[in-house]
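Whenever a hint applies, use it, and build me the whole structure from the sequences.
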Amino acid sequence: MEKIVEEIKKELEEDLKKISSMNELNDLKVKYLGKKGKITLLTKDMGNRSVEERKEIGRYSNELKSHVTSSISQLEQELSQKELEAKLENDRIDPTLPGTAVKVGGVHPLTKVTEEIEDLFVSMGYDVVSGPEVELDLYNFEMLNLPKGHPARDAQDSFYITEDTLLRSQTSPVQVRTMLKNKEKTEIRIICPGKVYRRDDDDATHSHQFTQIEGLVVGKNISLADLKGTLEIFAKKLFGEDREIRFRPSYFPFTEPSYEVDISCFRCGGKGCNICKNTGWIEILGSGMVHPNVLQMAGYDPKEYTGFAFGIGVERVAMLRYGVNDIRSFYTNDLRFLETYNRVEGDK
Amino acid sequence: MKLSRNFLKDYIDIKNLSDHDLAEAMTKVGNEYDSITPLVGASHLVVGYVKECKNHPDSDHMHVCQVEVGQNDVRQIVCGAPNIKEGQKVIVSLPGAVLPNGMTIKKSVIRGVESDGMICSLGEIGIEHKYQSEADQKGIHVLEEDAEIGTDPIAYLCFDDTTIDFELTANRADLLSVLGMAYEVGAILNEKVKLPETKLQTEVERIEDHLQIDIQTENCPLYLARLVKGLKIAPSPKWMQARLMASGIRPINNVVDISNYVMLEEGQPLHFFDYRTLGNKIVVRMAEEGEKLTTLDGKERNLSREDIVIANDDHAVGLAGVMGGLNSEVEQDTQDIVIESAIFNPLKIRYTAKKILRSEASARFEKGLDPNRTYLAMARACYLLEKLAGGTVVKGTLAVDHTNHDAKVIPITKEKINRVLGMSLTNQDILDVFHRLDFEVQEQDDSFTVTVPTRRVDIAIEEDLIEEVGRIHGIDQCKGTLPVTTMKNGTYEEKYKKEKLIQKHLEALGLYQVRTYTLVNQESVNMFTDDEFTPIVVRDPLTEDHLALRYSLLPSLLEVASYNLARKVKNIPIFEISDVYYTKDKKTMQTARLAALITGTMLENTWNHIKVEADFFYMKGILENLLNYLGLNRRYTIETGKLPKEYHPYQSAIVKIDQDVVGYIGMVHPTLSKTPLYVFELDLSKVEAIQVRGIKDKEISKYPTISKDFAFLVENSVSAKSLLDTIQKTGGRLLTNIEVFDVYQGENIAEGKKSIAFNLTFMDPTRTLNEEEVMEIFNKIIEQVEKEHNAELRDK
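Read top to bottom, the protein sequences are chains G and L.
The opening position of the first sequence corresponds to residue 1 in the numbering used here, with each subsequent residue numbered one higher.
The opening position of the second sequence corresponds to residue 1 in the numbering used here, with each subsequent residue numbered one higher.
Hints were generated in silico from the structure; no laboratory data involved.
Check each hint, because a few of them may be wrong.
Straight-line distance between alpha carbons at most 20 Å, and here's what the computed PhoX-like set of lysine-lysine pairs gives [claimed, not checked]:
id, chain 1, residue 1, chain 2, residue 2
1, G, Lys-112, L, Lys-495
2, L, Lys-416, G, Lys-220
3, G, Lys-195, L, Lys-497
4, G, Lys-185, L, Lys-488
5, L, Lys-645, L, Lys-674
Which residues of chain G face chain L? A few of them, derived with a C-beta cut under 10 Å, are [claimed, not checked]:
id, residue
6, Phe-121
7, Ser-130
8, Pro-151
9, Arg-153
10, Glu-187
11, Ser-207
12, Gly-229
13, Ser-250
14, Pro-257
15, Tyr-259
16, Tyr-331
17, Leu-338
18, Glu-339
Pulled from the structure, derived: some chain G residues nowhere near chain L, Cβ distances all over 10 Å [what the hints assert, rightly or not]:
id, residue
19, Glu-7
20, Leu-12
21, Leu-25
22, Asn-26
23, Glu-53
24, Ser-66
25, Ser-73
26, Gln-81
27, Glu-83
28, Ala-86
29, Leu-88
30, Glu-89
31, Glu-184
32, Asn-278
33, Gly-280
34, Gly-323
All C-beta atoms in this analysis are idealised placements derived from N, C-alpha and C, irrespective of residue type, glycine included.
Structure follows, in structure tokens:
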């Protein structure tokens, strides 16, 4: 018996060596463990044997069975591992091939700048307010201390629709509307982004349509220093922490005193370069203390209230910040131009 | 305003301030400058004397000259000017000189003859063509006898001047005069202004015997007239000519030049009439409708009742404040003139000037004048005519004056100044500013009473004085602070907030936001709509391309598409959100619109065989995604119907929400674009107005779903939507999802028919469904579809 068992073991060993696939292994399983398998055959005529013999055969065959089973399963594991590896290798890709161009759209650079400015002022408690682009001369000029025939109207040559209506030349009428609408005459803190229109022939630096953001704060103790502090935050947020600002006296009919605001050049830091035309400063916006006539006309008592206002040209900010040379680029919308702005911005 | 440095120096001591520092100092107080330009840009020039002038041996027009340029210094110079002659004093540029055109003068040989310098014309040394006399335009400039050989001709000609061109703000009418500039510079440098000389030598006769004035319109609040006799017209002195040139005005003759000189100096435009042609009466009145006047430039002008004219008894002789009449012009033989110094209604001048010509004079009238200067200018003109043009001034001034000459008195406190500026200035700081400005000021405790001279027409209220303090003192010490105010949250307007959400979502769906012009051409206004409305048109458009306010955004998007396609950019996914304006029932209406356009490839990986092209259904997918995002799931439909003619008639649909039409989606009609373009446009105002419910969590069902498929054969005309409607209606609440998974035409399908296959999902969130009850519903659906749509079940 022992001899037979050893023979079978030996044969198994030989057989196992020849196996190279799962199929062959299955055949081997049948050969040894199947209904007509070698081990089954060992116990076939057990009925004719003595109890002793049966015990012995049983012991030998069980031991053999477990030996065969474990040998086969070990090989089975090895084989399946190999097959998996082969399959994985077979599924090899070239990861250096181009990825599928998943497309998302993007924000227009003017919107990007507008949103950044809005976010800043909303975080300081300003409300974002809009108004109509087809506006009354009354709100666009007259209530801003620019009566008909005022020479300063020349600077804002406008598209008139009728004698009394026009395409607004500034977003300031929204300030007037907001002050008028506030019946309780409480504090006001708003910014008004929007499209404005002036009779300029379109060229690299002029556009008959452009985007403005105006800010207005009206309160009981608002000073020029408050305007300066507010615009300092604005300049640093949009053009970098190191920016300084400079107020140059100027004239706008709706503010008194009025100032043009320059920021220290973000390119050269004030040393002088072609961006700041070697002055170290870049003109960025107009501002001032709200003219008492404007407050008065809107129902705010100028003895009690003061305020400041400022106006920013969004195109100008975007042109400076991104180095855009032609204002028309914002309106021709070349997709290659738009795609440039579709990413997170670094500081430099 | 072009300011001559020499002119300014007559009235204020500018010390050793360089041109640049002067300009910068002015900028700091609010007067920006555009440029600083020397009147003459040449160096190394000397006065030369042409001792000998012979024809060039080898040229028919050039001369060889022996020119004395200093003691014992005679140079041989070849000159091509036609007017060169022996005995002339001329401007010579010696070797080493650099001319404004960049040319460097060198010793050279011209056609075999040595030439040691160049004899110059005024143009060659940098005097603009328009300032030169006819003779000077044609040849070299011949100096007068008294020019000293070897000296600097620039100094001799008074050309040693610089022009600073200021860009003044609209309020500073006072700076449109050299005197005004002098006061401003005086405030900066803390120097006092010297006033111009006006004292006459003699006065004769009485003006009342020669002239009368009759002011018939209230549009002329101040009119002064004087008579000057016996003038001798000649060129004006060199210094005056040079100053006029530096100020941008062409010298003509002594009389005309004086009128311009006084305007520049005092800021008060004058007019000189030839007394011969004027007659002895001046009438100021409004023009008759249709009245004609030929102005100085020789053009016949058609006048209206809005124009102020100066007339004699018979006819108009000038357009007040804008241009004189040809019929009373000062001429070469003029001897007696009437001087007009007046103030007219700025609005009327503005109106007439806009129509006829905006001149140096009208610019000053429009901005408002100081009546005291009107008198000063008259006195100054008489003085100069007497001194420089040999005139004799007739005694007396005819005057009609309704103006207020009083200086404004404005009280102000230190507290107010510091409160507005956010600074802490002392009384001394404030007094210093007013003293520098030459304003009279009285101080009492911390209050001031400021008397503002009439020249400062821009100052009327406290705030104007505060501005002056800020300007002259400077606000560098003003430290930025933030407003002390009530804490509150910042908000976005509702409409704006919603549009931002839509914008972000469309970007996530692959579209780029664009910005286009509101003003479009006439043709575009009525495109992509069948609505009834009246477009808004601007009265005076700049170009035909931008004359009307758009109603649809799609023409603009089409333009963006064609711009990109022309530049070989083929994949164009874009959208725009914008308000549009139009008139309906005579009222101006405002509507927000959203338009989108796609063309080209939407998703691509060529080597991997992925390519999704833009088509109707891609666009529809974007639209549906957006509407679902807006919470409108199951409330919108996209159905066939009548569309504006710019859409493809069979590849377009109407978009409805709650049965209300809100827009269109489809392919742009192929006649409008060779490249297939797919678009949609929504009335966003309508969409934004729709109320949607808040989000409530729905428990995800634990129970299994049962899925069933079927396909029907139907007529081609039967829409998927109608089938889906029947299926959903019949299926009831247990039918939770329907997908169209196949549409087939062709082999095995009869002509005019199509097969359409659906996958249905059944589910009950409260229990497990059994097969029998699902089959019952399923069979009912089949029955209903067959009945309602004449459909034939193909597969189940």
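- Task: Mind verifying the non-interface call on G:Ser-73? Its CB should be farther than 10 Å from each CB in chain L.
- Result: holds, 37 Å
- Could you grab the alpha-carbon distance between L:Lys-416 and G:Lys-220 and see if it respects the 20 Å cut-off? holds, 13 Å
- Query: Checking the smallest CB distance to chain L, is G:Leu-88 really beyond 10 Å?
  - Reply: Given that every Cβ of chain L is farther than 10 Å from that of G:Leu-88, nearest at about 20 Å, it holds.
- Message: Min Cβ distance, G:Glu-187 to chain L: is it shorter than 10 Å?
- Response: Check passed: Cβ of G:Glu-187 comes within 6 Å of chain L, closer than 10 Å.
- Message: Holds or violated: the hint that G:Tyr-331 contacts chain L, with Cβ atoms closer than 10 Å.
- Response: holds, 6 Å
- Task: Taking the shortest Cβ-to-Cβ distance between G:Glu-7 and chain L, state whether it exceeds 10 Å.
- Result: holds, 57 Å
- Query: Should the hint that G:Arg-153 touches chain L count as held when the rule is a Cβ pair under 10 Å?
  - Reply: holds, 9 Å
- Message: Is the interface hint satisfied for G:Ser-207? The criterion is a beta-carbon contact with chain L at less than 10 Å.
- Response: holds, 9 Å
- Given G:Tyr-259 as an interface hint, is the shortest Cβ-Cβ distance to chain L below 10 Å? holds, 8 Å
- Message: Over 10 Å from every CB of chain L: does G:Glu-184 meet that, or does the non-interface label fail?
- Response: holds, 13 Å
- Query: Holds or violated: is there a CB of chain L closer than 10 Å to the CB of G:Phe-121?
  - Reply: At about 7 Å, which falls below the 10 Å cut-off, the nearest Cβ of chain L leaves the hint on G:Phe-121 intact, so it holds.
- Find the nearest Cβ of chain L to the Cβ of G:Ser-66 and say whether that gap is larger than 10 Å. Holds, since 43 Å exceeds 10 Å.
In summary, the structure agrees with every hint in the numbered list given earlier.
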